[in-house]
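Produce the complete structure using the sequences and hints provided.
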Amino acid sequence: MFKKLLIANRGEIAVRIIRTCREMGIATVALYTLADRDSLHVRLADEAMLLHSPQRYGDADEVLAVAKQLGADAIHPGYGFLAEEADFAERCAQEGITFVGPSAAVTRSLRNKVQAMDTVKQAGYSVPVYVELEEGKLDESYLLERAEELGYPLVVKSAIGGRGRGARVVMKAARLMETVEAARREAKLIYGDDHMYLERSIAPSHYVVVQVLADADGNMVHLGEREGSLLRHNQKLIEESPAPSLTNEQRQELWATALDIAHLFRFQNAGSVEFLVDGTGNFHFTELKGRIQIEHAVSEMVSDVDIVREQIRIAAGEALGRTQADIRLNGWAMQCRINAEDPWNDYLPSPGLITRFRLPQGPDVRIDTYGYVGCEIPQRYDPLLANLIVKGDSRESCVQRMRRALQEFRIVGVQTNLPLHMQILHDEAFAAGKYDTRFLNNFRFETICRDETVRRDLAAMVAVAYALRGHNGKPQVPERIQTGWHRSARRLPV
Amino acid sequence: VENNTMNKLMVTIDDKAFEIEVSPQRGSAGEYVVTLDGQSLHVYVPDYATPEAVDWMIVDNRPYELILGPDLRSVQLEGLRHTIQVRDKEIRSVRPASGDGRLKAPIPGLIARINVELEQAVEAGQTVVVLEAMKMENEIRAPKSGIVRQIHVKPGQTVILSEALLEIE
Numbered sequence: 001m002f003k004k005l006l007i008a009n010r011g012e013i014a015v016r017i018i019r020t021c022r023e024m025g026i027a028t029v030a031l032y033t034l035a036d037r038d039s040l041h042v043r044l045a046d047e048a049m050l051l052h053s054p055q056r057y058g059d060a061d062e063v064l065a066v067a068k069q070l071g072a073d074a075i076h077p078g079y080g081f082l083a084e085e086a087d088f089a090e091r092c093a094q095e096g097i098t099f100v101g102p103s104a105a106v107t108r109s110l111r112n113k114v115q116a117m118d119t120v121k122q123a124g125y126s127v128p129v130y131v132e133l134e135e136g137k138l139d140e141s142y143l144l145e146r147a148e149e150l151g152y153p154l155v156v157k158s159a160i161g162g163r164g165r166g167a168r169v170v171m172k173a174a175r176l177m178e179t180v181e182a183a184r185r186e187a188k189l190i191y192g193d194d195h196m197y198l199e200r201s202i203a204p205s206h207y208v209v210v211q212v213l214a215d216a217d218g219n220m221v222h223l224g225e226r227e228g229s230l231l232r233h234n235q236k237l238i239e240e241s242p243a244p245s246l247t248n249e250q251r252q253e254l255w256a257t258a259l260d261i262a263h264l265f266r267f268q269n270a271g272s273v274e275f276l277v278d279g280t281g282n283f284h285f286t287e288l289k290g291r292i293q294i295e296h297a298v299s300e301m302v303s304d305v306d307i308v309r310e311q312i313r314i315a316a317g318e319a320l321g322r323t324q325a326d327i328r329l330n331g332w333a334m335q336c337r338i339n340a341e342d343p344w345n346d347y348l349p350s351p352g353l354i355t356r357f358r359l360p361q362g363p364d365v366r367i368d369t370y371g372y373v374g375c376e377i378p379q380r381y382d383p384l385l386a387n388l389i390v391k392g393d394s395r396e397s398c399v400q401r402m403r404r405a406l407q408e409f410r411i412v413g414v415q416t417n418l419p420l421h422m423q424i425l426h427d428e429a430f431a432a433g434k435y436d437t438r439f440l441n442n443f444r445f446e447t448i449c450r451d452e453t454v455r456r457d458l459a460a461m462v463a464v465a466y467a468l469r470g471h472n473g474k475p476q477v478p479e480r481i482q483t484g485w486h487r488s489a490r491r492l493p494v
Numbered sequence: 495v496e497n498n499t500m501n502k503l504m505v506t507i508d509d510k511a512f513e514i515e516v517s518p519q520r521g522s523a524g525e526y527v528v529t530l531d532g533q534s535l536h537v538y539v540p541d542y543a544t545p546e547a548v549d550w551m552i553v554d555n556r557p558y559e560l561i562l563g564p565d566l567r568s569v570q571l572e573g574l575r576h577t578i579q580v581r582d583k584e585i586r587s588v589r590p591a592s593g594d595g596r597l598k599a600p601i602p603g604l605i606a607r608i609n610v611e612l613e614q615a616v617e618a619g620q621t622v623v624v625l626e627a628m629k630m631e632n633e634i635r636a637p638k639s640g641i642v643r644q645i646h647v648k649p650g651q652t653v654i655l656s657e658a659l660l661e662i663e
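From first to last, the protein sequence lines stand for chains A and B.
Numbering-wise (this note's numbering), the first sequence opens with residue 1 and increments by one.
Numbering-wise (this note's numbering), the second sequence opens with residue 495 and increments by one.
What the hints contain is simulated information worked out from the structure, not anything from laboratory work.
For clarity, every value in this text was computed on a predicted model and none was experimentally measured.
Do not rely on the hints blindly, as some may be mistaken.
Claimed, not checked - Listed below are the simulated SDA-like cross-link pairs for lysine to any residue, each with C-alpha atoms no more than 20 Å apart in a straight line:
1) B/K510 to A/C449
2) B/K510 to A/T453
3) A/K3 to A/Q94
4) B/K510 to A/R251
5) A/K289 to A/D306
6) B/K510 to A/R450
7) B/K598 to B/R643
8) B/K510 to A/E446
9) A/K68 to A/A27
10) A/K236 to A/R438
11) A/K434 to A/E249
12) B/K583 to A/R469
13) A/K236 to A/V399
14) B/K510 to A/D306
15) A/K68 to A/S109
16) A/K434 to A/R251
17) B/K583 to B/L566
18) B/K502 to A/R456
19) A/K172 to A/I202
20) B/K510 to A/R455
21) B/K638 to B/T621
22) B/K598 to B/E617
23) B/K502 to A/R455
24) B/K510 to A/T447
25) B/K583 to A/L425
26) B/K648 to B/E611
27) B/K502 to A/R469
28) B/K648 to B/G595
29) B/K648 to B/R596
30) B/K510 to A/D451
To be verified - Partial list, derived from the structure: chain B residues whose beta carbon lies under 10 Å from chain A:
31) N501
32) I507
33) A511
34) F512
35) V516
36) D554
37) I578
38) E613
For glycine and all other residues, C-beta sits at the position ideal for the given N, C-alpha and C.
Structural data, given as structure tokens:
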């Protein structure tokens, strides 16, 4: 087993990986940037190294240099940054450092989504209807012709990014050209590659993934499926396992298909086989992600398997040591992604200093976060602050537990999407498990207090707060001065 | 210091206005008696010693966690955000004695600007001093028309509540 593992990541996933390493007796090296110096992962690690590169966590040279300098024998990439980078996996191998993830060859065969779908389609499994765009061919007549083969609405996707960031829906031909160009620019920026394809839109739909584990000898198990259909701007907000949209028959078929597809790629380590489920219950393979996912804890809760531990064990060459029959899927788990963003201000990121941070506790509640009181939430990175995961013996009890956990969770100092999660969890359709990818398009964020007692109590509390802040019980800013203010005269002190 | 003053306030929560009287409960720090719509409520503020950090209160037997905006213009409660406005009715009714040309600091703060000079003629209501307090510039107006006979303060100077600023004759 490894002696020292370097985590080439930040935030809640770095904390998550450190925890398992501690339990396995593996020393950890954390990386951080100046903006991330407050983050919990820096405090928890055995060693921590400041990154100087402008590419930060994504700089392969600097990450490898630190690993060699500190004598790390393994690197865990987390998600994003250097995960799914075949070249980086190859360079690790050359340096005698184990990359925790699939081999460079497997990663290459998965990285291009069009090629991966081709492979799966040829093996006889369903994939969405798509057409590839020839690289460099940008003229409008060519694009229109390709789009015509599919029909509208269609989705413009990056061959590397898939349905994640950068994917855009086109409803009619008039918008095709500008959308492809915008998507191409964005893909170049995010993925460093502007190879695009067009896919026939499947909407409404459900996003369902199967978590698989595979060792070097080809032993493979699945840990059930997750549903991540609750999206805002292509980003998942809530995930759960099992998927409420599937029947038991569909579920069995999905699991078997996912394992077949993973075998097709000779997949090893931990991965998610992703599907789109259409309105008639048919599922279509979209991609296989060969890395840990943000929502992996949902599968851990129902399967009682530590996926990060399995990733590390498999990377170290150990056998899975369990068969499908050893995996028992129990109960229902759900995760809410708590983002530092302002639901009353168009979900703009809300960086700042955390002044209060009370985590929910009690049975079957788990939090993965890098935050704590006194931690500065940086502006530079994505707004994910915490994953809140709960488990119940049924979906109903899981939803009830999530409601009370959200209510207990208290974050002051930065604005978060906790109020949005609370309202979603109280939505009737969501509570009944009836939602698809359109759910948030039609969701009305409630802003009016309908309880008269609460409103009266609130008025009383505001009055007391006002009196309390005043000078000797007298307010500091009397009415007659307020009326003398000119709005234009208000400014912050220099 | 007598800490038994009653505040008569008009509190507006979103669009609904409430007339409220607040009195500290004698001998019990952090406890208040609030009269609202003819109903009497008991409010306890556990963190009364640090008013800016208050984040929960108990109204009768109902505990609430809230996030008060730093300037009391908004409040978050149970996943909702409300705009709020507080007007002080008692102070409004106590107008400065007209005819008195002595101008005092209505709030403690920093003198940002003095817009008049000695022996200058001013009109009632004209801005004579700008006082910086609570992250805002507050325009202090002449209580009556006349000639500025004395200026007691300079820009940059900190003043306490009711400190003499200038005199108009």
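Requested in this report: Would you pick out the hints that fail for this structure and give their numbers low to high?
Outcome: 4, 14, 15, 25, 38
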